[in-house]
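Sequence order for the protein chains is W and E. Here the first sequence stands for residues 1 to 397, numbered as in our numbering. Here the second sequence stands for residues 1 to 397, numbered as in our numbering.
Since the hints were derived computationally from the structure, they do not count as laboratory data. Just so we're clear, the structure is a prediction, and the values are computed from it rather than from any experiment. Each hint should be verified, as a subset may be incorrect.
Cut-off 20 angstroms, straight-line C-alpha distance, at most; resulting in silico cross-link-like pairs (EDC-like, lysine to aspartate or glutamate) [claimed, not checked]: (1) W:K232 <-> E:D48; (2) W:K367 <-> W:D187; (3) E:K285 <-> W:D44; (4) E:K232 <-> W:D44; (5) W:K65 <-> E:E387; (6) E:K176 <-> W:D48; (7) W:K285 <-> E:D44; (8) E:K61 <-> W:E387; (9) W:K84 <-> W:D44; (10) E:K382 <-> E:E338; (11) E:K232 <-> W:D48; (12) E:K65 <-> W:E200; (13) W:K124 <-> W:D345; (14) E:K230 <-> E:D220; (15) E:K65 <-> W:E387; (16) W:K324 <-> W:D32; (17) W:K228 <-> W:E363; (18) E:K50 <-> W:D233; (19) W:K232 <-> E:D44; (20) E:K176 <-> E:D280; (21) W:K80 <-> W:E49; (22) W:K98 <-> W:D44; (23) W:K230 <-> W:E218; (24) W:K61 <-> E:D280; (25) E:K226 <-> E:E363; (26) W:K228 <-> W:D362; (27) W:K65 <-> E:E200; (28) E:K176 <-> W:D280; (29) W:K50 <-> E:D233; (30) W:K176 <-> E:D48; (31) W:K176 <-> E:D44; (32) E:K65 <-> E:E308.
2 protein chains.
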Amino acid sequence: MSRKCIIGQSGGPTVVINATLAGVIQGALKADYEKIYGMINGIDGLLDEKMVDLSSFKDQKNLFKLIHTPAMYLGSCRYKIFEKDQSIKQRIITILNKYEITDFFYIGGNDSMDTIEKLSTYAKICNCPINFIGIPKTIDNDLMNIDYTPGYPSACHYVATSLCEIAFDSVIYPIKSVTIVEIMGRDAGWLTASAQLVNEVYPDSIDLIYMPENIFDENDFLEQIKDKLKKKDHCIIAVSEGIRDQYGMCVSLDSGIQKDAFGHLSNNGCSNYLKKLIGDHLGCKVRAIQLSTLQRCAAHLASYIDIENALRIGSYAINCALDKRTGIMVTISKNRNEFLLSHVDIHKVANHVKPFPLEWIDEKNKKIKKEYIDYVVPLIYKSGQIELPQYLQLNER
Amino acid sequence: MSRKCIIGQSGGPTVVINATLAGVIQGALKADYEKIYGMINGIDGLLDEKMVDLSSFKDQKNLFKLIHTPAMYLGSCRYKIFEKDQSIKQRIITILNKYEITDFFYIGGNDSMDTIEKLSTYAKICNCPINFIGIPKTIDNDLMNIDYTPGYPSACHYVATSLCEIAFDSVIYPIKSVTIVEIMGRDAGWLTASAQLVNEVYPDSIDLIYMPENIFDENDFLEQIKDKLKKKDHCIIAVSEGIRDQYGMCVSLDSGIQKDAFGHLSNNGCSNYLKKLIGDHLGCKVRAIQLSTLQRCAAHLASYIDIENALRIGSYAINCALDKRTGIMVTISKNRNEFLLSHVDIHKVANHVKPFPLEWIDEKNKKIKKEYIDYVVPLIYKSGQIELPQYLQLNER
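In isolation and in its complexed conformation, chain W is listed as follows:
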């Protein structure tokens, strides 16, 4: 039987999500798929039949460009399929049948895996033979049953490199100052933890690391800073956007916190709140830096291991479809120096969140332990060594 597939991208971008798209296209071309469609803006666009033909990627030059293009070539959406809304599921299946789609691929994070779960379950109920396959990506690194999510290593590389440069910039004036760098991560501190990479090369350059895994206490926070500023002039803090107080409330200037379609909190920057807090209580110079969208789209600092695996994971998804797998997510695991591809039942992934291991956090010193470094370095650096630039520090200052 001739095969026709459709590929979508969903959620927030990463630097390697287009490499995964390229991997699926490459795999489909190799397996002689009759048609390779792309959804424009994920499910959102599919419902309006906004699709493109991706066969033009037979031209290898464009495929290479696609691999290295940041953000999302096909555009994204944050479309939530509600459990009880059968009509939407039916409409999607009807559209897919109209185009004789045999395989449906969705590249995304937790919310996209929720979509794969809903559609594959519905398809089974109504005996529809379309394969629904999830392909992971997220800079948050919070998907279950996978060693790491493509996109995360590149984001870590950006965060560590930028923090290193910010640390060098922060110490130039001989005055007491605090620099707060706010890093993405609503529920888990995976990305913020990469700040510790800087300390491995330049010891004690990042003074305090705060993540959502631990309760944020304002008084303790101020005491920690006071303590640091007794010993040195400059205190540099890496903090997850999603830190919460003992009542589970986000630490933010914005009292009117909004929720998106998936019910996730969206706040307007804990760093600005913390800046005001420090200014009010300690009276020293404070700078708040948000790495903003750059941490998820800085293609010029992509991890090559990340790109390679993202590409492989895309091709592997085609193998899964040819094996008639449905209701699965493709996975990746590290075994010695190899990354192995496999797949897992989508129910074991969707709507679960993998927290950062508490035992990897040195909560007393607000640092991250060596176990994390051993975990993350092989995802970013081929040499197995942290390759932050070799800068020179004037120790006497």
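Given chain W's structure and the hints, the job is docking chain E onto it.
Showing chain E alone in chain W's frame:
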């Protein structure tokens, strides 16, 4: 007579200010200087005799590291010498005489050249034979009588690369949205102008460019955005931090604008003000991104031409000292494919500001003209071509 020199760094950092320091050290080592001192934290540290011996840089390995180190190896200060305060000038000369300094080098921007002017003038009056030589650096590119200031090309490279990635990130959702990117520049839009580099490779990806050279009008600003959003979903705006209204007031959320020692205004972000303005009047999604300190310290995106010239300009300053020049600033000018070094009377530089040429601004379309591109490209790209990454765009979106 044996020579002893002292070198200081002052003002805000650039990615190549340490390359210039390395150039002075290299030149001094070659000319067999008996002593090479570094001031810790500029004039501020010199007054407390906080100095380091830089002879250790005979080790080439450390010199190479120094060339590529961001921020300021010796630390900085923002110390203003007041015209009438003879006692400070006298104290500085006394300290320099104590260490038998023959040549004083100060690497910095406009404020540092003010320091060189004050000290060289005072030295002449009291027949002190020390040579006072200014060496330019500033990402602001606003020094007079020089073709460009070292540090500026690298900052442009960072701004253009980051804006390009932000532009790709901004268009992924099919909703009306505005992205404001705030770029450094209190008085001149030199750095913000580099946003136009993105448009040269990806036409119309940066929609509007606002600089301090033109009066900022809120109503016109909102109309421009409305107009853009009629034609496309996403509007991306590059804006200088220093834009001002018709009364010369900074556009900022912060009503309590403060001044630094040199009387410069310091505001807390026009992008947050503009975000609120757009949110209140147009009601679409708005994101405000401040490139913050990264635009002046992102060594990983340095321009190699910038590094090379910064190094050369440092060595050349030593030649000027050997020729017994004082009260000068070293300059650089572009002649066909060559960069020529020379020097200029410090009075022609200090406390003047080179504005961005009004004739290079397409004020009607809020864009920058080709004349600027022809000026800036040879400072950044050796090939003479803009080397932004070759990404792939889905034109149908």
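Comparing the hints with the structure gives:
Straight-line distance between C-alpha atoms of K232 of chain W and D48 of chain E comes to about 19 angstroms, which keeps the hinted pair within the 20 angstroms bound. With a CA separation close to 18 angstroms, the supplied pair K367 of chain W and D187 of chain W stays within the 20 angstroms bound. The straight-line distance between the Cα atoms of K285 of chain E and D44 of chain W is roughly 18 angstroms, inside the 20 angstroms bound, and the hint therefore holds. Note on K232 of chain E and D44 of chain W: the hinted pairing holds, with a Cα-Cα distance of about 18 angstroms set against a maximum of 20 angstroms.
Among the hinted pairs, K65 of chain W with E387 of chain E is consistent with the structure: their alpha-carbon atoms are about 14 angstroms apart, no more than 20 angstroms. Between K176 of chain E and D48 of chain W, the direct Cα distance comes to roughly 18 angstroms. Compliance with the 20 angstroms bound is thereby established for this hinted pair. For the hint pairing K285 of chain W with D44 of chain E, the CA-to-CA distance comes to about 18 angstroms; that is within 20 angstroms, so the pair holds. At most 20 angstroms may separate the alpha-carbon atoms for a hinted pair to count; K61 of chain E and E387 of chain W meet this at roughly 17 angstroms.
Only pairs whose Cα atoms come within 20 angstroms are accepted, and K84 of chain W paired with D44 of chain W is accepted, the gap being roughly 18 angstroms. Restraint check for K382 of chain E and E338 of chain E: the C-alpha separation of about 12 angstroms stays at or below 20 angstroms, so the hint holds. The suggested pairing of K232 of chain E with D48 of chain W holds, with an alpha-carbon distance near 19 angstroms, which does not exceed 20 angstroms. A threshold of 20 angstroms between alpha carbons decides the hint, and for K65 of chain E with E200 of chain W the separation of about 18 angstroms falls inside it, so the pair holds.
At roughly 14 angstroms between alpha-carbon atoms, K124 of chain W and D345 of chain W fall within 20 angstroms of each other, so this suggested pair holds. Taking the CA atoms of K230 of chain E and D220 of chain E, the gap is near 15 angstroms; set against the 20 angstroms cutoff, the hint holds. A C-alpha spacing of about 14 angstroms is found between K65 of chain E and E387 of chain W, which places the hinted pair at or below 20 angstroms, so the restraint holds. Taking the CA atoms of K324 of chain W and D32 of chain W, the gap is about 16 angstroms. The hint holds against a cut of 20 angstroms.
Between the alpha carbons of K228 of chain W and E363 of chain W the distance comes to roughly 16 angstroms, so the proposed pair stays at or under 20 angstroms and holds. Straight-line distance between C-alpha atoms of K50 of chain E and D233 of chain W comes to about 16 angstroms, which keeps the hinted pair within the 20 angstroms bound. Taking the CA atoms of K232 of chain W and D44 of chain E, the gap is near 18 angstroms; set against the 20 angstroms cutoff, the hint holds. Pair hint K176 of chain E plus D280 of chain E holds up; C-alpha atoms about 15 angstroms apart against a cutoff of 20 angstroms.
Under the criterion of a C-alpha separation no larger than 20 angstroms, the hint pairing K80 of chain W with E49 of chain W is consistent with the structure, at around 17 angstroms. Restraint check: the Cα-Cα separation between K98 of chain W and D44 of chain W comes to about 17 angstroms, which is no more than 20 angstroms; the hinted pair holds. Distance hint between K230 of chain W and E218 of chain W is fulfilled; the C-alpha atoms sit about 19 angstroms from each other, no more than 20 angstroms. Between K61 of chain W and D280 of chain E, the direct Cα distance comes to roughly 45 angstroms. Violation of the 20 angstroms bound is thereby established for this hinted pair.
For the hint linking K226 of chain E to E363 of chain E, the alpha-carbon distance of about 17 angstroms falls within 20 angstroms, and the restraint holds. Annotation: proposed proximity of K228 of chain W to D362 of chain W holds, straight-line Cα distance about 16 angstroms (limit 20 angstroms). Restraint check for K65 of chain W and E200 of chain E: the C-alpha separation of about 18 angstroms stays at or below 20 angstroms, so the hint holds. Distance restraint check for K176 of chain E and D280 of chain W: the Cα-Cα separation of roughly 37 angstroms exceeds the 20 angstroms cut-off, and the hinted pair is therefore not satisfied.
Restraint check for K50 of chain W and D233 of chain E: satisfied, since their Cα atoms lie roughly 16 angstroms apart, inside the 20 angstroms limit. A distance of roughly 18 angstroms separates the Cα atoms of K176 of chain W and D48 of chain E; the hinted pair therefore holds under the 20 angstroms criterion. A threshold of 20 angstroms between alpha carbons decides the hint, and for K176 of chain W with D44 of chain E the separation of about 15 angstroms falls inside it, so the pair holds. Distance check on the hinted pair: K65 of chain E and E308 of chain E sit about 14 angstroms apart at the alpha-carbon level, within 20 angstroms; holds.
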